[in-house]
Amino acid sequence: VMEFVGDPDVRGRPAPLLREVELDDPEVAFETLKGYIRRLYLEARLVHADLSEYNVMVRGNELVLIDFGSAVDVSHPMASEFLRRDIRNIYAYFRRLGVDVGDPDEFYRELTASEL
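Residue numbers for the sequence shown follow the working numbering, beginning at 1 and rising by one.
For the record, the hints were derived by calculation from the structure and aren't laboratory data.
There may be inaccurate statements among the hints.
Straight-line C-alpha distance at most 25 Å; calculated SDA-like pairs for lysine to any residue [claimed, not checked]:
#1 K34 with V64
#2 K34 with A113
#3 K34 with A44
#4 K34 with D67
#5 K34 with R45
#6 K34 with R88
#7 K34 with L97
The calculated label-pair distances, taken between Cβ atoms and stated as ranges, are [unchecked claim]:
#8 R109 with D9: 32 to 42 Å
#9 R109 with D73: 38 to 48 Å
#10 E3 with L23: 19 to 29 Å
#11 G6 with P77: 29 to 39 Å
#12 G12 with T112: 33 to 43 Å
#13 D73 with D24: 34 to 44 Å
#14 M78 with R11: 34 to 44 Å
#15 D24 with M78: 30 to 40 Å
#16 M2 with R39: 19 to 29 Å
#17 D67 with G12: 19 to 29 Å
#18 T32 with S70: 18 to 28 Å
#19 G6 with E106: 34 to 44 Å
#20 D105 with T32: 19 to 29 Å
Backbone N, C-alpha and C fix where the C-beta goes; we use that ideal spot for every residue, glycine too.
Kindly produce the complete structure, drawing on both the sequences and the hints.
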């Protein structure tokens, strides 16, 4: 399903990418994205496989994941590697913003242990 993700302030203009905005609260955005990764993996059984600040749009106060063309089912042979990369990309981005993100491998282990 495709949908135009527009800037709520200017009709017809796309919402900016995460990398293009100064977040009011980067910690909240980080936790929100972790929640999205968790739901994708545990509920939808998907791994985005190309997640970074280039594939998240900011529509008002809402984060919108985009570009699911590379997404794979969790049963895909490379799903584990893709999940690890997605997590590391998001952690690295928010670490650059000064967020105390912790260990990305810990979040990976938490997610993958949840499926048992």
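Exercise for the section: With 34 to 44 Å as the target window, see if G6 and E106 comply at their CB atoms. Expected result: Between G6 and E106, where Cβ atoms are some 36 Å apart, the hint holds.
Exercise for the section: For D67 and G12, compare the CB-CB distance with the range 19 to 29 Å and indicate the outcome. Expected result: holds (21 Å)
Problem - Pair hint K34 and R45, alpha-carbon separation not exceeding 25 Å - result: holds (15 Å)
Problem - CB-CB spacing for R39 and M2 relative to the 19 to 29 Å hint - result: Cβ of M2 to Cβ of R39: about 20 Å, so the range 19 to 29 Å holds.
Exercise for the section: May I ask you to test the hint 29 to 39 Å on the CB atoms belonging to G6 and P77? Expected result: At 37 Å between Cβs, range holds.
Exercise for the section: Please work out if K34 and V64 have their alpha carbons no farther apart than 25 Å. Expected result: Distance of about 13 Å is within 25 Å: holds.
Practice task
Hint says 34 to 44 Å; check whether the CB-CB distance for D73 and D24 agrees.
Solution key: Roughly 35 Å apart at Cβ, these two residues keep to the hinted range, so it holds.
Exercise for the section: Would you check the hint for K34 and A44, treating anything up to 25 Å between C-alpha atoms as holding? Expected result: holds (15 Å)
Handout entry: Satisfaction of the hinted span 38 to 48 Å by the C-beta atoms belonging to R109 and D73
Key = violated (20 Å)
Problem - CB-CB spacing for M78 and D24 relative to the 30 to 40 Å hint - result: Check passed, 36 Å falls within 30 to 40 Å.
Handout entry: Given pair status - L97, K34, alpha carbons within 25 Å
Key = Judged against 25 Å, a Cα distance of about 16 Å means the pair holds.
Practice task
Check the following: the C-beta atoms of D105 and T32 are separated by a distance inside 19 to 29 Å.
Solution key: Holds, at about 21 Å.
Checked against the numbered hints given earlier, this structure breaks only hint 9.
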